[in-house]
Every structure is written in C-alpha cells, then in structure tokens.
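Visitor: Residue strings, one per chain:
Number of protein chains: 2
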Amino acid sequence: MADVTSALFFAEMSFDPRNPHNPDADRFILSKGHAAPILYAAWAEAGAFDRSELLKLRQIGSDLEGHPTPRLPFVDVATGSLGQGVCAAIGSALNARRIGSAYRTYVLLGDGETAEGSVWEAANVGALDRLDNLCGITDVNGLGQSRPTMWQHDMDQFARRWQAFGWHAIVIDGHDLHAILDAFARARATKGQPTMILARTIKGKGVSFVEGKEGWHGRAFKKDEMDRALAELDRQFVPASAGVDLARQIPRPPTVPRPAVAPQAIVPPTYRIGDQVATREAYGAALTKLGEADPRVVALDADVKNSTFSERFEKALPNRFYENFIAEQVMVGAAMGLAARGAIPYPSTFACFLTRAADFIRMAAISRVNVKLAGSHAGVSIGEDGPSQMALEDLSMFRAQPDFAVLYPSDGVSTERLVALAASHPGPVYIRLSRPKTPIIYANDERFEIGGLKVLRQSARDVATVVAAGVTLFEALKAHDALQSSSTPIRVIDLYSLAPIDREGLLAAARATAGHIITVEDHYAAGGLGDAVAEAVAGAGFTVHRLAVREIARSGKPEELLERFGISAAHIVTAVREVTVGAR
Amino acid sequence: MADVTSALFFAEMSFDPRNPHNPDADRFILSKGHAAPILYAAWAEAGAFDRSELLKLRQIGSDLEGHPTPRLPFVDVATGSLGQGVCAAIGSALNARRIGSAYRTYVLLGDGETAEGSVWEAANVGALDRLDNLCGITDVNGLGQSRPTMWQHDMDQFARRWQAFGWHAIVIDGHDLHAILDAFARARATKGQPTMILARTIKGKGVSFVEGKEGWHGRAFKKDEMDRALAELDRQFVPASAGVDLARQIPRPPTVPRPAVAPQAIVPPTYRIGDQVATREAYGAALTKLGEADPRVVALDADVKNSTFSERFEKALPNRFYENFIAEQVMVGAAMGLAARGAIPYPSTFACFLTRAADFIRMAAISRVNVKLAGSHAGVSIGEDGPSQMALEDLSMFRAQPDFAVLYPSDGVSTERLVALAASHPGPVYIRLSRPKTPIIYANDERFEIGGLKVLRQSARDVATVVAAGVTLFEALKAHDALQSSSTPIRVIDLYSLAPIDREGLLAAARATAGHIITVEDHYAAGGLGDAVAEAVAGAGFTVHRLAVREIARSGKPEELLERFGISAAHIVTAVREVTVGAR
Numbered sequence: 001m002a003d004v005t006s007a008l009f010f011a012e013m014s015f016d017p018r019n020p021h022n023p024d025a026d027r028f029i030l031s032k033g034h035a036a037p038i039l040y041a042a043w044a045e046a047g048a049f050d051r052s053e054l055l056k057l058r059q060i061g062s063d064l065e066g067h068p069t070p071r072l073p074f075v076d077v078a079t080g081s082l083g084q085g086v087c088a089a090i091g092s093a094l095n096a097r098r099i100g101s102a103y104r105t106y107v108l109l110g111d112g113e114t115a116e117g118s119v120w121e122a123a124n125v126g127a128l129d130r131l132d133n134l135c136g137i138t139d140v141n142g143l144g145q146s147r148p149t150m151w152q153h154d155m156d157q158f159a160r161r162w163q164a165f166g167w168h169a170i171v172i173d174g175h176d177l178h179a180i181l182d183a184f185a186r187a188r189a190t191k192g193q194p195t196m197i198l199a200r201t202i203k204g205k206g207v208s209f210v211e212g213k214e215g216w217h218g219r220a221f222k223k224d225e226m227d228r229a230l231a232e233l234d235r236q237f238v239p240a241s242a243g244v245d246l247a248r249q250i251p252r253p254p255t256v257p258r259p260a261v262a263p264q265a266i267v268p269p270t271y272r273i274g275d276q277v278a279t280r281e282a283y284g285a286a287l288t289k290l291g292e293a294d295p296r297v298v299a300l301d302a303d304v305k306n307s308t309f310s311e312r313f314e315k316a317l318p319n320r321f322y323e324n325f326i327a328e329q330v331m332v333g334a335a336m337g338l339a340a341r342g343a344i345p346y347p348s349t350f351a352c353f354l355t356r357a358a359d360f361i362r363m364a365a366i367s368r369v370n371v372k373l374a375g376s377h378a379g380v381s382i383g384e385d386g387p388s389q390m391a392l393e394d395l396s397m398f399r400a401q402p403d404f405a406v407l408y409p410s411d412g413v414s415t416e417r418l419v420a421l422a423a424s425h426p427g428p429v430y431i432r433l434s435r436p437k438t439p440i441i442y443a444n445d446e447r448f449e450i451g452g453l454k455v456l457r458q459s460a461r462d463v464a465t466v467v468a469a470g471v472t473l474f475e476a477l478k479a480h481d482a483l484q485s486s487s488t489p490i491r492v493i494d495l496y497s498l499a500p501i502d503r504e505g506l507l508a509a510a511r512a513t514a515g516h517i518i519t520v521e522d523h524y525a526a527g528g529l530g531d532a533v534a535e536a537v538a539g540a541g542f543t544v545h546r547l548a549v550r551e552i553a554r555s556g557k558p559e560e561l562l563e564r565f566g567i568s569a570a571h572i573v574t575a576v577r578e579v580t581v582g583a584r
Numbered sequence: 001m002a003d004v005t006s007a008l009f010f011a012e013m014s015f016d017p018r019n020p021h022n023p024d025a026d027r028f029i030l031s032k033g034h035a036a037p038i039l040y041a042a043w044a045e046a047g048a049f050d051r052s053e054l055l056k057l058r059q060i061g062s063d064l065e066g067h068p069t070p071r072l073p074f075v076d077v078a079t080g081s082l083g084q085g086v087c088a089a090i091g092s093a094l095n096a097r098r099i100g101s102a103y104r105t106y107v108l109l110g111d112g113e114t115a116e117g118s119v120w121e122a123a124n125v126g127a128l129d130r131l132d133n134l135c136g137i138t139d140v141n142g143l144g145q146s147r148p149t150m151w152q153h154d155m156d157q158f159a160r161r162w163q164a165f166g167w168h169a170i171v172i173d174g175h176d177l178h179a180i181l182d183a184f185a186r187a188r189a190t191k192g193q194p195t196m197i198l199a200r201t202i203k204g205k206g207v208s209f210v211e212g213k214e215g216w217h218g219r220a221f222k223k224d225e226m227d228r229a230l231a232e233l234d235r236q237f238v239p240a241s242a243g244v245d246l247a248r249q250i251p252r253p254p255t256v257p258r259p260a261v262a263p264q265a266i267v268p269p270t271y272r273i274g275d276q277v278a279t280r281e282a283y284g285a286a287l288t289k290l291g292e293a294d295p296r297v298v299a300l301d302a303d304v305k306n307s308t309f310s311e312r313f314e315k316a317l318p319n320r321f322y323e324n325f326i327a328e329q330v331m332v333g334a335a336m337g338l339a340a341r342g343a344i345p346y347p348s349t350f351a352c353f354l355t356r357a358a359d360f361i362r363m364a365a366i367s368r369v370n371v372k373l374a375g376s377h378a379g380v381s382i383g384e385d386g387p388s389q390m391a392l393e394d395l396s397m398f399r400a401q402p403d404f405a406v407l408y409p410s411d412g413v414s415t416e417r418l419v420a421l422a423a424s425h426p427g428p429v430y431i432r433l434s435r436p437k438t439p440i441i442y443a444n445d446e447r448f449e450i451g452g453l454k455v456l457r458q459s460a461r462d463v464a465t466v467v468a469a470g471v472t473l474f475e476a477l478k479a480h481d482a483l484q485s486s487s488t489p490i491r492v493i494d495l496y497s498l499a500p501i502d503r504e505g506l507l508a509a510a511r512a513t514a515g516h517i518i519t520v521e522d523h524y525a526a527g528g529l530g531d532a533v534a535e536a537v538a539g540a541g542f543t544v545h546r547l548a549v550r551e552i553a554r555s556g557k558p559e560e561l562l563e564r565f566g567i568s569a570a571h572i573v574t575a576v577r578e579v580t581v582g583a584r
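So the protein lines, in turn, are chains A and B.
So the first sequence is residues 1 to 584, counted in the numbering used here.
So the second sequence is residues 1 to 584, counted in the numbering used here.
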C-alpha cells in the first residue's frame, strides 16, 4: 500500500494537511481500516502532525488508534468494520455534488473486503448515480487474515465484477508508480461512472522474509526482524528528485459561489386536536418542511418512500433525495459520509430493516456522525404483515449505543417537533415511527426537548405511574379513563425521549405515586423503554413493572396483537391493580 | 410468479406435500417473502392442506401469515426481510452435500431484492462452493414497492452480474412455460456451478387493468376489481391435459445409505485449575470435540478462524467446515439453512461483526432455527485494536430476541461445557467469548446448565452481591480479595447464562446481602448483564447498581481500558463501599 498511498497523498490529491476539513479538499477514506498505520504515516509526512506522534500508535493517550476514528481531524468516518468506508465514500461523493464542489473522493479497499455485500450495494449506487468524482482502489494482495483470499491474484475476478456493476475498472501493477499515476489520471478523465483501480500488490513488498507470505497479518516485527526489514528498505530507498510538485495539495476554490447555509424558520405543525395522523405520515411532512428551511438537510430511502412518506421530501426537493433501492447498508453508510461532510442526512426505512445496517449504526456511534435515522412500522401494531416486518428490537439497538438520542413520538405534533429538533441536536439520532393513525393530542405550539417527557394525566391521588410512548401511550390513556371511572387515578407519562432520559421527571412521578411504575411498550422486553426507565429510577430504589412483547409475534389485526401480546389498555388496567394491591 | 411456481411445484420439484420434512425432498425457499399468498396456494394445490384454509390468510388464528414463517411445516426459514432466503438456500444446498442427498434447492428472488448486498455474498459462496444443486429464479417484473426497480427490464444488467459472480445465468420469458421447464432442465444438467434463471415477467400478468402497472404492490383488490380480475383469468384458463405426470413429486431415495446420527460422548475438558486459557481458544477445542462426537455439527467462518480458533475444527473435520470469507450475512444465513435441514451449525466470528448479521439474527429468532452463534473478542478487554473491533452491544442484540439462549463463559471449562450444552439445547444460542487469557477456575467435572449460575464466593457476612461474567468475573474475584482483607466480604456470582436467567439464584443472593446487588460487565450499559439482572430481581423490589462501559471506547492496553471505563476491580471495590454505606 505504500506505493498507492504515496501516489495519492503526494501527487494525486488536493488537500491541506493543516486544515483537513477544508470543504473543497479531496477526501481519502481508508475502507480497510486495519491499515491505519500507513494512513497516519501519510498524514504525518504531509505535515498534519509531528512524526514523533507515530510512535504513540495504539497507546491510550494517543488518538492514533488501532483503527482510524474521527477523533483525528483527517478521518471522516471510523473504519475497521470492512465494507463500510466504501459506502461512506458514496455519501462523500454525493456531498460534492450537493455543495457544488469539484473535490474528489478516494477510497482504498482490501481485496478480502470485497466479499462483504455492502461493497456491492455501494457499487450499484455509485454506478446508478454516475459518481465520476469517486475513485476506488482495491489493494489486491491476495492474503486474508486467516488464509489466502477468495480470488487471490486472479485480477479478472475483480475486473469483471466491477465492470458488471457499471464501474470503469482499471487493472494495474500496484507497485508501478507510473501505472498508479496513469490510472488516477484515467479515473479523473472518466465521465459518467466511478472508477475502481484494481492494484495487484505483494503484501510486505520489499522485505524479503515477509513478501507474499502468510502469517504476518496484524503481527508486529520483533526487534531483530524490524532492524532487518528497515535495512532492506533503506537499501531500496530512492530520494525524490528535487522540486517535487506538491501544488496539487492546495484545494481548488469552488467553481460557483456556494450559497450560504442560513436555515430559516421551520413551518410549524397545523393539526387539530383529535385529527388522526400516523407519525410516519407526520414524519414525511416534517422532513419536507425541514428540508425547505435548511439546505443541509438531505433524505435517503431504500424503496419504501411511499410507506415512510419520505416521498414528500423527494417531490419537494428531488436534488437532495437519494434513492438507494433495497440496500439499507449503503443507505446508512452514505448518510455517514454525507454527515461527515456537513450535510444533515435523514435515512429512513421500516425500523426492522434498520437492523440490516446495525453494524453501520455501531460505527456511526463510534464516528459520532450527525445522522438522523428514522424507522417506521415499529412494533406489533403494524398488524397483518407479520413478525418479519415488525421492529421489536430497534429501541434496544439504538439505546445500546452511547450518545445516540432515541426519540419516539406518539402524535403528529410531537413528530414534527422532534424531527426538527433532531436536526439541531449534535450527533446521531434515532426517531421511531408507527404505522397506525393516532389522534393529535398536543397543541401545535407545544414545546418539546430532546431529553424531555410529558405528564399527560395527573392528580394528587394517583396510585401508579404508567410510562408509555407511541401507540401504547393511547392504550395508557384508555386505561386511565377506565381506571378513573373506578376511582383509581393513574399518572400517564409520554416518554417521547428515551435517550437522553428525564430522570428527574420520572423520579418525581414515582415519588408521587408510591413508587409504583408501570412501563408499556410495543417492543420486546429487553433493552427498550422498560429498561430505560428502570435504570433511570434504580438509583432511588424504585423498580419497574414492565409490559412488553415477550414472545415471537405473528400476523393479526393491530388491536388483536396489542391484546394478545400483553400491551393493551386492558393489560395496563390489570397491571395497575396488581401493582397497587401487592404493594411492598 | 404463477407460471414459475406452477412449473416448479407441478413439474420440476420432487417433494411430498404430506411430509414436507422428508430429508430427500427438494427444497423451495421463497426469498421474496411478500409473495407468500402464491406459496400458500401452491402447497394447498399440491395437497399439503385444505384450500379453504387459504381464506384465513393473515388472520390471527391462522399460520398463513403475511410473510412465511416455519410455523408452517413446509417453510424452512422465515422470509420477508429481503436478501435472506438466498443465503439460507446456500445452507440448504450445503446440507444436501453433507448428508449425501440428491435433493435440489430452489430459491425465488425478487428483482428489487438483488440490490441487497447479502445476495452477492450468497452469489460468491454459491459459486466458490460449486453448488450445482442450487437453482435460483429471479422474478424480474421491473416494479419495486415505491417505484420501478433499479434496472427494470434490462435483463443484461442481471445476467452480467450473475455471470461475473460465477453463476450459470439463463434469461427467459417468465410467462413461457416451455422456456421455464427448459431452463430448469438446463440448470439440472449444469455441473460445477449454481444456476440463476432470470425470468422476465409482467406484474399482474393476465389482468388487463393491473398488468405492468405501478400502485398495486401489496394492495388487495376491492370486490368489483376482484370479480373482474377473476373473470378475465377464467377466460384464459386452459385445463391440464389428462394424466399430468406428477411422478416427480416423490422424493428420490438416497443414493448411498445415510449414516445414522448417533452422537457419542464428548471428550471432557482436561485443564488444570489456574491454567491460562482464552475462552475463544477453549471454544475451538470444544467445537472440535463436539464435531467429532456428533456428525450433525458443522462450523462456519468469515475469515477469522485463526482468531476464533475454529480453524481447529477445520483441521479435524474439513468437510463440515464452511468458509464464507469476509461475509457475515451469508455465514449466518447459510447456518439458518443448514439448521433448518437438520445440521447443528456453529457460525463464529468477532462478536462485533455479528452485528453485521443483526437482521439475520432477528429472522433466525422468528424462524426458531437451531443455530449456535459464537462471538469472540467481546468488550474493551481486546485492547489496542480499538472500538471498531470491540463488541459492546452484542449481549443487547441477542437478549432482545425472545427464546435466544445467551451464554457467557469465563474460563475454559465452562466454555467447553456450554459449547456442548448449546448443541442439545433446542433453538438459537449465542456464546460470548473473550480475547484475553483467563485462569481456569472450575474443575473439569463441574456441571453447568443453560439457565444456571455459580456462586463463587460467599459467607454468612456478605455485604453485597457482585454479579459478573467473562473477564469482569476475575475483576470481581480480585475485588473480593481486596475487600476480604478489610473485612468486607462480598458474594461473587458467575452469571454464565444471561438468558434464560436463574432468577431464584439471584434473588437468594440479593436477600442474603441486604438487597445490595452490583453488576459489572465488559459491555455498554443498555441491554446487557446489568439489565438482565435488574429485570430478574425487580419483581422482588430489588434494584441493581450497574458498572458498564458508558462512552465510546478507544485503543489502549486491556487493563488500562477496564480501569478507564469503570469496570475494574478498583471500581467494584468503590461501588461496594458506596452501595453499602449509602444503604436505603
């Protein structure tokens, strides 16, 4: 990789090592993140930081981690889970188009990495979107971690795949600098399609006892091996001819003046109390208003835009809507790349299909990127389509990640407000949306905050607190009315923000209701709303009685399923009676 | 799809509708699960059940769900999350080879579905493994859910991709029965590679007002539309000529007598107390012994066999070891297909990379298949490689799924015993493994059970219970010793089974230690060991003090990271003091 990286950093790319975030600088993404040392070496050599820092590699006090993370200013997205950097590169290339910049995006993949399906999702989208500002390089060294790779040095295996997927494929000797530079020049001249340079390389090239041999992956040299290797490399060193032209390092100015980013006020919701509106539908409306107010906002879809209502955004703002077809990994990965370059991306699909991108979500959290994911059709309340279409573990997936905001609106007003708040919240956000229509319960000017909750029903005589969100909130309200008639008032909380969570608000309710807290969620029992509330109040000695889906769901009518899986108003009423009768 | 399905069910496939599980019956997997109605119609027509059942489609009392699930005896794996059935088909085809059966596996994909990266993971593995007993059919109708598909009716886009990936690709008119039957015959005659039949179809063919039109995806006919459609179809109906040959429906007997499955006794562990053994290494040993004792056991890898030590299984039992290279989705999907056909598959990789297959794990839970996943390199204790390689949300991911057993051994003996127990436990199992070497603490004849725990330290004066597993168990033991010297004895529990969980065992400890429970886990705070214990004891009014990783991790030495992220012995000691001083 030394040859390819040298050519990229010191002849091909335009960038400013002292200002890696220059919006017009070419981008380099190391998709094979395990090769981090050469990335760090290249940036040090370019002048981004002092070379002495390199000796702190992988130490706890250094940001030069085992795999690249955006703790370093020149890293856009964390890599190290293979097949992800190339998806982020799609987003980076789309962003150049969005801001009207001539910057190019380069992404370096491993050969073994191309077994990951996400690589081929990126390949499809790159070709479809005709991203000729994108150039991939595959380091075909033929050796995987545990054995030779699938295709080893059979370059045609690679070339025919990339060509079949619509890319300009160039096979070269990856140790021939002239061939490398020529390939980059051909890539720059290619219009209407991305280029993949397939570089045949020898792992450990130039070190006789390592070259092309297995057993050295991720293994450091011992002292004597290192001495020998350095001596061999020194003998092969050819000093650069005087006056190497590093002029390409200065980013080109934008070809057209870039419009200033000046978000305008967002049009407020205009519902009437009692109107029936699915939160997924309110999401479409909110996203469109947000996009009209803020040019950084973009939307991404995976062929369900008519179910998530993101099609409204596409209709209003087609140039900032990216269709990925049925490919959730590249949808989320591209969103990560867009976010790293200043866009505020809203990828959305059915919440259950976001689990397809769980590893990307994990890496988005590590990257701390500014993505706003929305998942619709949460829970058994979708009804007849059955368990494969029901998200019952999405809250768990997102809550598990530190610093991920997790929002779960129940009506159209709170949806519109939370979708807008997500845009101004720094870092990753998840918004859970429901399929069924639910009544508007908030006034259009109601104020929400990330980390807040709403107490919807309360009295001085409340015997228990019921915490709900989304569709179960309406079950809690029904339970409240039923219990009210038998003089057993309950407090009802809309926990629209699961993370961060309003601990004080929950504790106040718990204290006011003799510590009787019942949670009810259209989600499995582990990792969701019940666990969130339980941890929040545990320090004060309160426990939680949880109503949640506790077995594999099935097809049926939504109301039948709420009943069958124990999260209906009737079950809440029973739980309130049990909890208050069997008081400690 | 009516034409393709008719040809498959009534001319091509050998199967017994009254015994779908016949081990030599051809398999049919509907990867485009949303087309469930035609699957049900075909099986009813073949005689699997009464046609009147079809009218109960999607009703709560019927197993004819919105998408197919193995509640139905003729469904091997649940489908409905696209791109998964084709991965299961790889496993089904591998299983035929394993048991020496001539059965063939057919899998029907949607055209839009082929945008999913997992399809191309399956394509690679199918070609590499030369699965000529596998035949795919892609229904190229050109219409996605929300818009025309990526390539619409450009058949060459499909053909060149499958050819590039090494499959025999056949393009046909999907409404020409002779062409369909001829393609199946050509697929059967093809040796050394799988076949993909690319069937150009018109959605809604034969119903004039629907044919080839958008807006009908997932939409039911109204009464008058239905009457008109049926009338149009009736006019086109051609009765089968008398004496249609359904002889192919009878599965062929095995060509060679199949060895009886008679698992032998597993060689017990042979460690000495105090030996230093990483649980991942014990996993490799255990898996090999298990495979030697039970011919149903198979292992799957994603190019980390030298890190998970599954390479030991490969060395001993190469014919039951399946290398998927760096492609976790097809690894888990193939395991699902193998499990559905009677194998006991152990797919393993780094635990963090199992999140790449999170959606497959979700569908494995819905399918209730007998897969045993193992994830190594859990937590910050992997050290220098950094957060991208650390699984800190895997317990959450697996615990979220109902009926998933979640095991987390801490030493070599418990690892060997739990790996063996997993094989005899019906349904899906997850085994969490660690990178560092840890001392053997159990005698070789110690007995474990799924759903059990071990109390490792206890006295009549214990002030608190510390619940740990894996690497943190040894921190708890160190904390015990430190506290012992200051006359503050604590109870230490090895919670090697997180799901199911030994509620009574935990409650007994809580009651004996004044309700002071501290959990400590090398995992994020949400959804893991702390939440598991908290829910188990909540009903008795006990709360839990949780030590867990609460921010994005980073590179460093393992012991530095345990300290920095608050899960070391020193943090446990502090927590014990806090909890017991600040008692309620």
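If you are wondering where the hints come from, they were derived from the structure by calculation, not from laboratory data.
Each hint should be verified, as a subset may be incorrect.
Unchecked claim - DSBU-like, lysine-lysine: derived pairs with alpha carbons at most 30 Å apart:
1) LYS315/A x LYS203/B
2) LYS437/B x LYS223/A
3) LYS205/B x LYS222/B
4) LYS191/B x LYS223/B
5) LYS557/B x LYS437/A
6) LYS213/A x LYS557/B
7) LYS454/A x LYS478/A
8) LYS205/B x LYS223/A
9) LYS203/B x LYS56/B
10) LYS315/B x LYS557/A
11) LYS223/B x LYS437/A
12) LYS213/B x LYS222/A
13) LYS56/A x LYS191/A
14) LYS315/A x LYS56/B
15) LYS222/A x LYS437/B
16) LYS56/B x LYS437/A
17) LYS222/B x LYS315/A
18) LYS213/B x LYS557/A
19) LYS557/A x LYS222/B
20) LYS222/A x LYS454/B
21) LYS557/A x LYS454/B
22) LYS203/A x LYS223/B
23) LYS222/B x LYS437/A
24) LYS222/B x LYS203/A
25) LYS437/B x LYS213/A
26) LYS222/B x LYS203/B
27) LYS56/A x LYS557/B
28) LYS56/A x LYS437/B
29) LYS557/A x LYS223/B
30) LYS315/B x LYS213/A
Visitor: Hint by hint, say whether it matches the structure.
Guide: Quick rundown of the hints versus the structure:
{"no.": "1", "hint": "LYS315/A x LYS203/B", "in the structure": "holds (25 Å)"}
{"no.": "2", "hint": "LYS437/B x LYS223/A", "in the structure": "holds (25 Å)"}
{"no.": "3", "hint": "LYS205/B x LYS222/B", "in the structure": "holds (18 Å)"}
{"no.": "4", "hint": "LYS191/B x LYS223/B", "in the structure": "violated (49 Å)"}
{"no.": "5", "hint": "LYS557/B x LYS437/A", "in the structure": "violated (52 Å)"}
{"no.": "6", "hint": "LYS213/A x LYS557/B", "in the structure": "holds (28 Å)"}
{"no.": "7", "hint": "LYS454/A x LYS478/A", "in the structure": "holds (17 Å)"}
{"no.": "8", "hint": "LYS205/B x LYS223/A", "in the structure": "violated (72 Å)"}
{"no.": "9", "hint": "LYS203/B x LYS56/B", "in the structure": "holds (24 Å)"}
{"no.": "10", "hint": "LYS315/B x LYS557/A", "in the structure": "violated (52 Å)"}
{"no.": "11", "hint": "LYS223/B x LYS437/A", "in the structure": "holds (25 Å)"}
{"no.": "12", "hint": "LYS213/B x LYS222/A", "in the structure": "violated (67 Å)"}
{"no.": "13", "hint": "LYS56/A x LYS191/A", "in the structure": "violated (42 Å)"}
{"no.": "14", "hint": "LYS315/A x LYS56/B", "in the structure": "violated (38 Å)"}
{"no.": "15", "hint": "LYS222/A x LYS437/B", "in the structure": "holds (22 Å)"}
{"no.": "16", "hint": "LYS56/B x LYS437/A", "in the structure": "holds (25 Å)"}
{"no.": "17", "hint": "LYS222/B x LYS315/A", "in the structure": "holds (29 Å)"}
{"no.": "18", "hint": "LYS213/B x LYS557/A", "in the structure": "holds (29 Å)"}
{"no.": "19", "hint": "LYS557/A x LYS222/B", "in the structure": "holds (19 Å)"}
{"no.": "20", "hint": "LYS222/A x LYS454/B", "in the structure": "violated (42 Å)"}
{"no.": "21", "hint": "LYS557/A x LYS454/B", "in the structure": "violated (44 Å)"}
{"no.": "22", "hint": "LYS203/A x LYS223/B", "in the structure": "violated (67 Å)"}
{"no.": "23", "hint": "LYS222/B x LYS437/A", "in the structure": "holds (22 Å)"}
{"no.": "24", "hint": "LYS222/B x LYS203/A", "in the structure": "violated (64 Å)"}
{"no.": "25", "hint": "LYS437/B x LYS213/A", "in the structure": "holds (28 Å)"}
{"no.": "26", "hint": "LYS222/B x LYS203/B", "in the structure": "holds (18 Å)"}
{"no.": "27", "hint": "LYS56/A x LYS557/B", "in the structure": "holds (12 Å)"}
{"no.": "28", "hint": "LYS56/A x LYS437/B", "in the structure": "holds (25 Å)"}
{"no.": "29", "hint": "LYS557/A x LYS223/B", "in the structure": "holds (20 Å)"}
{"no.": "30", "hint": "LYS315/B x LYS213/A", "in the structure": "holds (20 Å)"}
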